[in-house]
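*Asks:* Here the protein sequences come in this chain order: A and B. All residue numbers for the first sequence refer to this note's numbering, where the first residue is 66 and numbers rise by one. All residue numbers for the second sequence refer to this note's numbering, where the first residue is 522 and numbers rise by one.
Misleading hints may appear alongside valid ones.
[Said to hold, decoys possible] Computed, partial: chain B to chain A, Cβ under 10 Å:
{"no.": "1", "residue": "Thr637"}
{"no.": "2", "residue": "Ile683"}
{"no.": "3", "residue": "Glu789"}
{"no.": "4", "residue": "Asp803"}
{"no.": "5", "residue": "Ile807"}
Derived from the structure by calculation, the hints contain no laboratory data. For each residue, glycine too, the CB sits at the ideal point set by N, CA and C.
Below are the chains, spelled out letter by letter.
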Amino acid sequence: MTAVDSGISRRSHGLNHRLSLAADRQFKYLIIAPAILVLLLIGLFPLIYSLVVSFQGLTMTEEDTSFAGFTNYARLFHDLRLWQALAHTAIITAVALPLELLLGLLMAQLFVDRMPGRQIFVALLVLPTVISPIVAGANWALLFDVRFGPITQILSFIAGQPVTILWTLNPYFVYPGILICEIWQWTPFMFLLLLAALSNVDQSQLEASEIDGASYWRKFFKIVLPAIWPVMTIACLIRALDLVRIFDIIWALTQGGPGTMSETISIYTYVQGFSDFETSYTAAIAFLVIVLLTAIVTFALKRMEIVR
Amino acid sequence: MDVFVLYYRKDIFGDPQNQSEFKAKYGYDLAAPKTWKQFDDIGNFLTDKYKPKMYGAGFFRQAPYAQFMFQERFRNEGGKFFDPETMKATINSDIGVKVLTEMRDENKFMPPGVETWGFVENLAAFLSGTTAMTISWPPYGRWAAGYGTDEKALAWVPKSQIAGKVGYALPPGGHPELAAGFDLSVASTSKNKEAAYLFIQWLNSKDISTQRVQLPYTLRDPFRVSHYTDPVYLSRWPDAKDYLSTLHQAAETGLLDLSILQTDKYEEALRQGISSLWAGEDPKAIADKIAAQWDEITAKVGVEKQKAAYQGWASKSGAYPQL
């Protein structure tokens, strides 16, 4: 073979290689195309369609699809009930999240060391997380029942006289009732993630610090916490987003009542959309929530140094 | 016809000792109450005597049900929902505040936790003999008599402990709320409109409907005049005659549910108000808030549009009782 021949051969080999790469890429795109299409259909299309609807005047009785300007968005700022719903959501999140984190961390600390029956205990503790939130709410509604619920009976036994607490109506007990159910169901989620994180803390560092005479709290804040920080912050972010979306538990317990006292943004949006059929306004509310959440999540991720 | 009926324990009411004690205390005979004042007297009397084994009365106090009871009682007391000329809500009149206040006060002689009772909780309490009076739709009367509750589809209905002991009467005020109901209609997009219509006609024909309303699991209440006098139905249980007679009377004196444009939004305001009432808020403040919400809804719908709808509804004979 001459130099020219081998040059031609190398060029044709390179060409074949590039063609082969192109064919590979095309094949890869072809393979993932159906999944992308489905994601676009069920994700992006409704998002854009909702945005369009939010600029219209669609209600139960008006099929007005003409451009209504920013009427619905302007209405958001005058809707006191909307901002009250956001406040209710913020209160639930601000109380439930730290409690779930603290309890989950305490539980994880208890179970991080080997002990007899640990796997069984962990499996039992995680059970509340696997049931549907609406079922959890319905069960707690029964537990709180004044006539037949065990909680009332236990409290009456302790008090030595009949106790009547309307957990779903008494303004002093509505939020505690919701929070008890919510924390009961989702603390195990925190527990599981933090248990995994604690299990991966460098033991040699802990042993070295023990030899150096470090106290428990010093070890915790200087070694354990930094080690579990990434997992903890992600867990908190996930739970915070879930808490902002909270619906099922509250719907099963109070349906946002009494009045609108426990109405969260999800419940208010549902009421506007599927009870009052204020379709365009509901879309505007949804976008307000998207904007707020995006801002919060972006800020949180930057603060957590997870994204640069 | 879906209509509220007062169910009461005729054995308790008919007890000679109860009768003499009640008459001595209140000065009139113990009988099914015709006014809400009488209802309160009887409720207090029976609760004082029998609790905790039994209470004078129990209702489904959950807001979606209680708002129907409010609508009925408000109108029986002489209340009007709106000013027909201005369409301003008048639900916060003295009558509205009075009704809300009395509803709240009546909970005191009802079982603890009655504010959380729905349809089933109230049913269970009455059928177990925990309450001496209740108001509800017609199925309570059949199930209290034990009719049809052996059917598998009705396995969820608690077994009646009071069969043969239940009396039937119009609720206090004498004009019960029709309180929702059922209807059959043909979809405008149906490909078989005529067949659908003829099927409905067949379902509601005299012979077929008479059978339907006696099927335990259909929840179909008597609605034709002939149903109330059907010999087979009359023989279903010993007190069926009184039951059907009361249903007939209730159907003739019943009050139409408020039916205007976007009625559900007005009722939602009522529901929220009632749940706030159980939470301890002031009845006057609640009534004012409901009225303000109603005015807001009317403004959104359009005052003139809503006025036309309201006047159309109010002109019907069952809209407001002739007091």
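*Asks:* Compare the structure with each hint and give your call.
*Replies:* Against the structure, the hints come out as follows:
1. At about 6 Å, the closest approach between the beta carbon of B:Thr637 and any beta carbon in chain A falls short of 10 Å, and the interface hint on this residue holds.
2. Checking B:Ile683 against chain A by beta carbon gives a least distance of about 18 Å; that is not within 10 Å, so the hint is violated.
3. Because the smallest distance between the Cβ of B:Glu789 and any Cβ of chain A comes to about 7 Å, under 10 Å, the interface hint for this residue holds.
4. The criterion of a C-beta within 10 Å of any C-beta in chain A is not met by B:Asp803, whose closest approach is roughly 12 Å, and the hint is violated.
5. Because the beta carbon of B:Ile807 sits about 8 Å from the nearest beta carbon in chain A, less than 10 Å, this interface hint is met.
Violated hints for the displayed structure, listed by number in ascending order: 2, 4.
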